[in-house]
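As given, the protein sequences belong to chains A and B, one line each in that order.
For the first sequence, our numbering gives the first residue as 141, with consecutive numbering after it.
For the second sequence, our numbering gives the first residue as 141, with consecutive numbering after it.
Hints listed in this document are in silico derivations from the structure and should not be mistaken for laboratory results.
There may be inaccurate statements among the hints.
[To be verified] Examples of chain A residues toward chain B, derived with CB under 10 Å:
{"no.": "1", "residue": "L224"}
{"no.": "2", "residue": "K242"}
{"no.": "3", "residue": "F284"}
{"no.": "4", "residue": "E286"}
{"no.": "5", "residue": "K303"}
{"no.": "6", "residue": "I305"}
{"no.": "7", "residue": "L313"}
{"no.": "8", "residue": "L316"}
{"no.": "9", "residue": "N368"}
{"no.": "10", "residue": "Q372"}
{"no.": "11", "residue": "W373"}
{"no.": "12", "residue": "K378"}
{"no.": "13", "residue": "P387"}
{"no.": "14", "residue": "L389"}
[Claimed, not checked] Pairwise CB distance ranges, derived in the manner of DEER restraints:
{"no.": "15", "chain 1": "B", "residue 1": "Y365", "chain 2": "A", "residue 2": "Y279", "range": "50 to 60 Å"}
{"no.": "16", "chain 1": "B", "residue 1": "P315", "chain 2": "A", "residue 2": "I285", "range": "30 to 40 Å"}
{"no.": "17", "chain 1": "B", "residue 1": "S256", "chain 2": "A", "residue 2": "D290", "range": "27 to 37 Å"}
Nothing here was measured: the structure is a model prediction, and the numbers come from that model.
Yeah, the Cβ is synthetic: ideal placement off N, Cα and C, and Gly gets one too.
2 protein chains.
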Amino acid sequence: MTYCLGISLDAGLVMMSDSRTNAGVDHVAQFQKMRVWEQPGERAIILLSAGNLAITQAVVSHLEDKVRLPKAEAAARKKQGTLLTCPGMTVAAQLVGDAVRKVYDRDAERLKQQGSDFVASFLLAGQIKGGPMRLFMVYSAGNFIEASSDTNFLQIGETKYGKPILDRVVNPLTPLPEAVKCALVSVDSTMRSNLSVGCPIDVAVIRTDECRISWRRRYAETDPYWGNLRRQWGDGVKTIFGQLDDPDLSDGK
Amino acid sequence: MTYCLGISLDAGLVMMSDSRTNAGVDHVAQFQKMRVWEQPGERAIILLSAGNLAITQAVVSHLEDKVRLPKAEAAARKKQGTLLTCPGMTVAAQLVGDAVRKVYDRDAERLKQQGSDFVASFLLAGQIKGGPMRLFMVYSAGNFIEASSDTNFLQIGETKYGKPILDRVVNPLTPLPEAVKCALVSVDSTMRSNLSVGCPIDVAVIRTDECRISWRRRYAETDPYWGNLRRQWGDGVKTIFGQLDDPDLSDGK
């Protein structure tokens with residue numbers, strides 16, 4: 141499994157992903173699920189992926205092959221361009237959706253023959269100069285939805301354990317450091333309750349209108365800040381819980 | 141959906157269920173998911189159910205019909221007995237499993253024809269005089285597992301949102317009032333993140349060796365203790381979160 145989170149704030153974007161993949165408990169591996177396409181000052185785009193690793197890697201390969209094409213070929217394709225040349229974030233989401241559909245056309249039937257579903261989902265976010273900052277979720281059908289001020293965070297993978305703290309804390313006015321902190325608490329809760337989500341945790345921030353990766357950090361299990369945060373949070377939750385009034389069980393049934 | 145929780149402690153059992161059922165968002169209803177079979181001082185058995193309401197109601201009907209049979213017929217069946225006469229909790233779990241299989245034999249093929257899976261799960265717990273207190277999860281196949289000192293709580297339905305607080309707080313030595321409190325915090329987190337789980341919340345406690353329902357309470361949305369607990373917990377979580385050190389986003393990428 142996987143846990144990826146994107147938060148869209150007035151101040152910018154926070155994108156987070158874990159690094160564990162598993163195909164059964166005896167086949168657990170570490171893969172980075174965060175990919176970045178960046179021309180600092182002009183555009184910064186981040187893609188997070190969940191689902192079947194063969195599918196998500198194939199989708200990313202399609203997107204990267206396009207970027208790497210020689211100029212002549214690229215010109216012929218310039219209607220949409222690539223993630224490094226497309227004119228806006230909606231087209232970027234379409235490019236990801238198109239790549240998902242290419243992989244579907246190649247692999248879905250064979251996967252079905254072997255009893256596997258075509259499972260993949262993506263969070264795509266970023267900003268291209270002159271346009272707004274945007275956050276999308278791209279489905280395995282290649283279609284997508286966008287975050288809004290009412291629903292300003294999107295999750296893929298193992299989403300439920302870490303959702304309550306986001307529901308309580310995050311809104312569009314949340315400052316970036318607090319949103320990063322909330323993302324780390326959210327993934328901590330997920331890791332405690334589900335073995336299939338694991339360190340290191342990649343976090344990236346794109347500040348509004350900077351059109352570049354403003355900040356990026358990989359939190360290992362041994363990271364002092366991350367370790368301290370997890371301990372403080374665990375102790376704090378227990379303290380608060382201990383302070384809540386107990387129900388009175390002596391008052392009959 | 142549904143959220144049901146059973147906690148097995150040295151001091152006794154805590155059983156909790158919500159009351160919302162839905163078949164699509166325009167067909168939301170309220171059904172109690174907690175059933176009790178009790179002969180105070182001799183036995184107390186609680187069954188919680190999740191899944192397809194037609195299936196879980198049919199299972200309960202089978203179990204109750206057995207209890208209601210005239211004595212002569214009952215005698216003929218006394219090998220296993222009923223939930224009010226069976227000699228131990230393992231047999232009680234088998235009785236529930238047998239009832240599930242009867243409903244499967246009657247309905248599963250028809251459900252499949254209509255594209256529906258046979259989805260149902262149960263938490264069964266209690267104590268019969270002379271035997272130990274036990275907590276089981278009965279699957280839709282009619283087989284079951286039992287809680288242990290390592291895994292002393294079991295959940296069915298919408299289980300993930302409310303699991304982190306249980307993972308942090310509950311162990312076999314937890315006192316009963318604290319476990320009831322934890323169950324209420326757990327269902328609060330679930331209700332905040334998932335509309336398909338809703339009030340009223342039924343909670344029952346069986347103290348070890350009392351072999352009766354020691355305490356039972358239905359928490360409505362407007363219950364003062366429950367409302368206060370939810371507010372205290374929400375405020376406390378936000379306070380603790382606010383006290384955590386923010387990450388330093390000025391330290392480059």
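Going down the list of hints, with the structure as the test:
This hint is violated: L224 of chain A has a C-beta 19 Å from the nearest C-beta of chain B, more than the 10 Å allowed. A least Cβ separation of about 30 Å between K242 of chain A and chain B goes past the 10 Å threshold, and the interface hint is therefore violated. Taken as an interface hint, F284 of chain A does not check out: its beta carbon lies about 23 Å from the nearest beta carbon of chain B, beyond 10 Å. For E286 of chain A, the shortest C-beta to C-beta distance to chain B is roughly 21 Å, which exceeds 10 Å, and the interface hint is violated.
Checking K303 of chain A against chain B by beta carbon gives a least distance of about 5 Å; that is within 10 Å, so the hint holds. The interface hint given for I305 of chain A holds, since its Cβ lies 7 Å from the closest Cβ of chain B, which is under the 10 Å cut-off. Contact between L313 of chain A and chain B, as hinted, is not supported at the beta carbon level, the nearest pair being about 14 Å apart and thus beyond 10 Å. A cut of 10 Å between beta carbons decides the hint on L316 of chain A: the least distance to chain B is about 6 Å, and the hint holds.
Given hint, N368 of chain A at the interface with chain B, holds; its Cβ is 7 Å from that chain's nearest Cβ, closer than 10 Å. The criterion of a C-beta within 10 Å of any C-beta in chain B is met by Q372 of chain A, whose closest approach is roughly 5 Å, and the hint holds. Among the interface hints, the one on W373 of chain A holds; its C-beta lies about 6 Å from the nearest C-beta in chain B, closer than the 10 Å criterion. With a least beta-carbon distance of about 6 Å to chain B, the hint placing K378 of chain A at the interface is held under the 10 Å criterion.
The beta carbon of P387 of chain A is positioned within 10 Å of a beta carbon in chain B (closest approach about 5 Å), and the interface hint is therefore held. Taken as an interface hint, L389 of chain A checks out: its beta carbon lies about 5 Å from the nearest beta carbon of chain B, inside 10 Å. Range check, Y365 of chain B to Y279 of chain A: Cβ separation about 43 Å, and the 50 to 60 Å hint is violated. In this structure, P315 of chain B and I285 of chain A break the distance hint of 30 to 40 Å, their C-beta atoms being roughly 46 Å apart.
One distance hint, 27 to 37 Å for the beta-carbon pair S256 of chain B and D290 of chain A, holds here, with the actual separation near 33 Å.
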